[in-house]
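Following the hints, complete the assembly by docking chain B onto the known chain A.
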Amino acid sequence: MKRLARIALAGVIGAGMLIISADAVAAQQKAPPGGAYKEVSTLVPLPSFLPGLGTLYVDPATLPAGPFLAYDHQGSLVSSIYMIPLKDMNARKAFTGLKVGHERADHVDIVYNAGHPGVAEPHYHVIVWYVSPERAATLAK
Amino acid sequence: MTEPSRRDFLRVGGLALAGVGFVPNRPMRSAALEVIEMRSDALGAHVWFDPIGLYVEPGTTLRWVVRENVHTTTAYHPKNDHHPLRIPERAAPWDSGYLVNPGDHFEVRLTTPGVYDYYCVPHEAAGMVGRIVVGSALGPGAQPFDYWTGRPGTEHWRRVPDAARASLPSIERIVAAHRVRPHLAPPRRGGHE
Numbered sequence: 001m002k003r004l005a006r007i008a009l010a011g012v013i014g015a016g017m018l019i020i021s022a023d024a025v026a027a028q029q030k031a032p033p034g035g036a037y038k039e040v041s042t043l044v045p046l047p048s049f050l051p052g053l054g055t056l057y058v059d060p061a062t063l064p065a066g067p068f069l070a071y072d073h074q075g076s077l078v079s080s081i082y083m084i085p086l087k088d089m090n091a092r093k094a095f096t097g098l099k100v101g102h103e104r105a106d107h108v109d110i111v112y113n114a115g116h117p118g119v120a121e122p123h124y125h126v127i128v129w130y131v132s133p134e135r136a137a138t139l140a141k
Numbered sequence: 001m002t003e004p005s006r007r008d009f010l011r012v013g014g015l016a017l018a019g020v021g022f023v024p025n026r027p028m029r030s031a032a033l034e035v036i037e038m039r040s041d042a043l044g045a046h047v048w049f050d051p052i053g054l055y056v057e058p059g060t061t062l063r064w065v066v067r068e069n070v071h072t073t074t075a076y077h078p079k080n081d082h083h084p085l086r087i088p089e090r091a092a093p094w095d096s097g098y099l100v101n102p103g104d105h106f107e108v109r110l111t112t113p114g115v116y117d118y119y120c121v122p123h124e125a126a127g128m129v130g131r132i133v134v135g136s137a138l139g140p141g142a143q144p145f146d147y148w149t150g151r152p153g154t155e156h157w158r159r160v161p162d163a164a165r166a167s168l169p170s171i172e173r174i175v176a177a178h179r180v181r182p183h184l185a186p187p188r189r190g191g192h193e
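Here the protein sequences line up with chains A and B, keeping their order. According to the numbering used here, the first sequence is numbered sequentially starting from 1. According to the numbering used here, the second sequence is numbered sequentially starting from 1.
Same shape as in the complex, but just chain A (with noise of 0.2 Å):
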């Protein structure tokens, strides 16, 4: 009996963290997200829109790897974009369990960038789209 009860508790436990992860990233398909994340550009010297990327929103304590959170110029979540730098990946580090924006993702892009502010060296941006080719090209301007 003890038993049932503790799987029952477990269960409830295991439920409720689903519905809260649900509700966090329900809570994050529109700007601002909310929580932790911090626009990028209040945190260092960027646009607050990027083209080709959008405004990204990031936890400060995920740097740098995030996911930044991108949206479109009337706010929706577009990607979730991850920032590996080459000195990590040349050390053979590895990156698991990063959040995720969106439970469907349309497509991914793998693109290399020479550095930014917060990145000031040359790395990976993973871009895990939420959105068509399509639309993610609308985000050019």
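Please keep in mind that the hints were generated in silico from the structure rather than gathered at the bench. For every residue, glycine included, the Cβ atom is placed at its ideal position computed from N, Cα and C. There's no promise every hint is true.
[Said to hold, decoys possible] Pairwise CB distance ranges (calculated):
id, chain 1, residue 1, chain 2, residue 2, range
1, A, K99, B, L33, 49 to 59 Å
2, B, H183, A, P47, 20 to 30 Å
3, A, P45, B, W148, 22 to 32 Å
4, A, L63, B, A42, 18 to 28 Å
5, B, E57, A, T62, 45 to 55 Å
6, B, L43, A, K38, 17 to 27 Å
7, A, S48, B, P78, 26 to 36 Å
8, B, A42, A, L98, 22 to 32 Å
9, B, R151, A, A61, 37 to 47 Å
Frame of chain A, contents of chain B only:
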């Protein structure tokens, strides 16, 4: 076009008052002016100064202008985050700070002859550097990259990254051509090398 920030104006203006050869922006100017563009491709994968190498006479004002991305122009000098000295000893270092928007610019007037190497803070490791020869190929910038190794007082100096070493054009090439464009730069109409 955005003027330098008040902080930069005060800092650079203060250096000029100290007689070290720097002046803030001035709308009326009779001396020579050279423009160096700060460039990037759309993805931020390739970044460069254009021209990357430049020969000028003493007294010339250099203006760096952002075309794309976010950049700095920062002299190789120990006062700039322990970078090695690669400008003339008598010249003062400069650091534009981040220039964030297209059209943002920063100016320096170089009066002391010698070689001046500089870099972009977020892109130095990717090889975004430049070299200016003012009048003569003199000073620390004319020395090999590691000339300072083992000298007292240089323990905290940072090594110039490999990509930056590979990018800088030779002094001889700059003196011969007066203007050296980077490999990545698109062709310029009516123009120089």
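Cross-check of the supplied hints:
Distance hint check: the CB atoms of A/K99 and B/L33 are about 50 Å apart, consistent with the given range 49 to 59 Å. A hinted range of 20 to 30 Å holds for the C-beta pair B/H183 and A/P47, which are about 28 Å apart. A beta carbon spacing of about 31 Å between A/P45 and B/W148 agrees with the range 22 to 32 Å that was offered as a hint. Between A/L63 and B/A42 the Cβ separation comes to about 24 Å, which falls inside the hinted range of 18 to 28 Å.
Our hint of 45 to 55 Å for B/E57 and A/T62 holds, since their Cβ atoms are close to 51 Å apart. At roughly 24 Å, the beta-carbon separation of B/L43 and A/K38 lies within the given 17 to 27 Å, and the hint holds. Checked against the hint of 26 to 36 Å, the C-beta distance between A/S48 and B/P78 comes to roughly 35 Å, which is consistent with it. Between B/A42 and A/L98 the beta carbons are some 26 Å apart, a value that agrees with the proposed interval 22 to 32 Å.
Between B/R151 and A/A61, the C-beta spacing of about 40 Å keeps the proposed range 37 to 47 Å intact.
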